[in-house]
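Undergrad: Go ahead and model the full structure; you've got the sequences and the hints to work with.
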Amino acid sequence: GQQVMQIPQYQHVQEGEDFTTYCNSSTTLSNIQWYKQRPGGHPVFLIQLVKSGEVKKQKRLTFQFGEAKKNSSLHITATQTTDVGTYFCAGPGTASKLTFGTGTRLQVTL
Amino acid sequence: DSGVTQTPKHLITATGQRVTLRCSPRSGDLSVYWYQQSLDQGLQFLIQYYNGEERAKGNILERFSAQQFPDLHSELNLSSLELGDSALYFCASSGQGLAGANEQFFGPGTRLTVL
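Sequence order for the protein chains is S and E. Residue 34 is where the first sequence starts when you use our numbering, and the numbers rise one by one after that. Residue -7 is where the second sequence starts when you use our numbering, and the numbers rise one by one after that.
None of these hints come from the bench; they were simulated from the model. Watch out, some of these pointers could steer you wrong.
[Claimed, not checked] Straight-line alpha carbon distances no greater than 16 Å define the calculated EDC-like cross-link-like pairs of lysine to aspartate or glutamate that follow:
no. : chain 1 : residue 1 : chain 2 : residue 2
1   : S       : K69       : E       : E95
2   : S       : K103      : S       : E87
3   : S       : K69       : E       : D(-7)
4   : E       : K1        : E       : E67
5   : S       : K89       : S       : E100
6   : S       : K69       : S       : D116
TA: Structure (structure tokens):
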């Protein structure tokens, strides 16, 4: 079945440093979504990318969809403590089911 | 607030017991999804319902079952509980029809502890 892997599993940065998480799918995706889950919270939708090579920005967050539509990345510039959480990518499977990636947990310290 | 509600927030029970988790989707959303998240683990898809019918099944154990009612709320039934069933159970809803995926809105989750 479809597998979606993310690296790294965990990253600890100091506030102000940049952070990147990478997402790789075993199959070509029609689109990819990103979610953020704060500690003790629930996943919250961040963005959806649809086109090959698409790049979207949300303030300090930059999302990219690979040319082959099998990988994606999320880059955070100058991290802040509010960025702490686990970031999941997710790709569509059968019906409207989503397959979530393994997640990258980001810890930010002052 | 995502608009998705889940009850109860916390549930503590013993091995061998049966529990029911309840989810109300966002107003107008026809699809409901159930996920299991164990400690420090990712989101394991369990099952999806669309307008009352089962649409997709993931790694859902035979001891688990779900249904979606005419008013679109959904229940996840977990029976013969084992220690390993302790986890966070999330419900999510989306407004997308049968074709293609759309963003999912997650509820706050039910934390199940099996002692």
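Undergrad: Are the Cα atoms of K89 of chain S and E100 of chain S separated by 16 Å or less?
TA: holds, 14 Å
Undergrad: Does the structure keep K69 of chain S and D(-7) of chain E at a Cα separation of 16 Å or less?
TA: holds, 14 Å
Undergrad: Please work out if K1 of chain E and E67 of chain E have their alpha carbons no farther apart than 16 Å.
TA: holds, 14 Å
Undergrad: Does the alpha-carbon distance linking K69 of chain S and E95 of chain E stay inside the 16 Å limit?
TA: holds, 13 Å
Undergrad: Please work out if K69 of chain S and D116 of chain S have their alpha carbons no farther apart than 16 Å.
TA: holds, 9 Å
Undergrad: Checking one constraint from the list: CA of K103 of chain S to CA of E87 of chain S, max 16 Å. Satisfied?
TA: Holds, at roughly 12 Å.
Hint violations for this structure: none, all hints satisfied.
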